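Engineer: Sequence:
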Amino acid sequence: MKFWKKALLTIAALTVGTSAGITGVSAASSAVNSELVHKGELTIGLEGTYSPYSYRKNNKLTGFEVDLGKAVAKKMGLKAKFVPTKWDSLIAGLGSGKFDVVMNNITQTPERAKQYNFSTPYIKSRFALIVPTDSNIKSLKDIKGKKIIAGTGTNNANVVKKYKGNLTPNGDFASSLDMIKQGRAAGTVNSREAWYAYSKKNSTKGLKMIDVSSEQDPAKISALFNKKDTAIQSSYNKALKELQQDGTVKKLSEKYFGADITE
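Letter by letter, the sequence shown follows residues -27 to -1, 1 to 236 in mature numbering (1 follows the signal peptide of the UniProt record, and there is no 0).
If you are wondering where the hints come from, they were derived from the structure by calculation, not from laboratory data. Since we're looking at a predicted model, the values are computed, not measured. Watch out, some of these pointers could steer you wrong.
Stated by the list, open to error - Mimicking DSS-like on lysine-lysine, the simulated pairs with C-alpha atoms at most 25 Å apart in a straight line are: (1) K33 / K71; (2) K12 / K47; (3) K48 / K223; (4) K43 / K181; (5) K87 / K228; (6) K134 / K117; (7) K173 / K30; (8) K134 / K71; (9) K137 / K117; (10) K111 / K135; (11) K201 / K48; (12) K33 / K174; (13) K137 / K120; (14) K193 / K228; (15) K30 / K54; (16) K52 / K228; (17) K30 / K223; (18) K154 / K97; (19) K228 / K181; (20) K214 / K200.
Please model the entire structure based on the sequences and the hints provided.
Structural biologist: This is the structure we're talking about:
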């Protein structure tokens, strides 16, 4: 009889403990769900045209930030929903509540930090200058007064302006390289990882990449959130930290960029 009483008391204690644990998880999920565009879904804004971050392969959305977005959402107990959007409308879409987060090779800048919150960085992006093989451009100092391609409103564009290049707007890496080959621009400022990823699958004949990381500090690439969505940001960062610690982010980097560019 004493044995059964002890057993019942033990089961009751476990039940209370389990219920308390479930209540804690539900409370956290409720805080996140109250901020989401759609309950149970992490709505992610991205371009879907910038390989290897996010792009279409066989008409299916894929890429580093696509796989990372899915992994983070799963850790958060949510389903990832991707909304491909043109770059010029992405950050505005976040501000208007169209997305919960933007994952689109977003660089941390003081200007963006005034209006939005960042996640922990998941990429350290090193700048590169891509020019024709016979170009006399050897560093960022040489782009002054020359037509240099970069996406409007990007950190790449800020670098072009900083070194007094003549900015030619184009956010598509592949077509930017075509413009250089056609002699319509002297070069483009982009990232080493974008060049490496492109080179794996495409011919770069007639072009060369100049590593300018000694002239310009690496850009910290992060997800972007609305200031008010602190529960989403906190849950996202927790999930991201776990994926960084278990090696998932490093594996995705090696898969899509051919190297670990997370540090």
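Engineer: Indicate, hint by hint, whether the structure satisfies it.
Structural biologist: Hints and how they fare:
{"no.": "1", "hint": "K33 / K71", "verdict": "holds, 22 Å"}
{"no.": "2", "hint": "K12 / K47", "verdict": "holds, 14 Å"}
{"no.": "3", "hint": "K48 / K223", "verdict": "holds, 17 Å"}
{"no.": "4", "hint": "K43 / K181", "verdict": "violated, 34 Å"}
{"no.": "5", "hint": "K87 / K228", "verdict": "violated, 34 Å"}
{"no.": "6", "hint": "K134 / K117", "verdict": "holds, 9 Å"}
{"no.": "7", "hint": "K173 / K30", "verdict": "holds, 15 Å"}
{"no.": "8", "hint": "K134 / K71", "verdict": "violated, 31 Å"}
{"no.": "9", "hint": "K137 / K117", "verdict": "holds, 5 Å"}
{"no.": "10", "hint": "K111 / K135", "verdict": "holds, 16 Å"}
{"no.": "11", "hint": "K201 / K48", "verdict": "holds, 22 Å"}
{"no.": "12", "hint": "K33 / K174", "verdict": "holds, 18 Å"}
{"no.": "13", "hint": "K137 / K120", "verdict": "holds, 10 Å"}
{"no.": "14", "hint": "K193 / K228", "verdict": "holds, 20 Å"}
{"no.": "15", "hint": "K30 / K54", "verdict": "holds, 18 Å"}
{"no.": "16", "hint": "K52 / K228", "verdict": "holds, 23 Å"}
{"no.": "17", "hint": "K30 / K223", "verdict": "holds, 22 Å"}
{"no.": "18", "hint": "K154 / K97", "verdict": "violated, 28 Å"}
{"no.": "19", "hint": "K228 / K181", "verdict": "holds, 23 Å"}
{"no.": "20", "hint": "K214 / K200", "verdict": "holds, 20 Å"}
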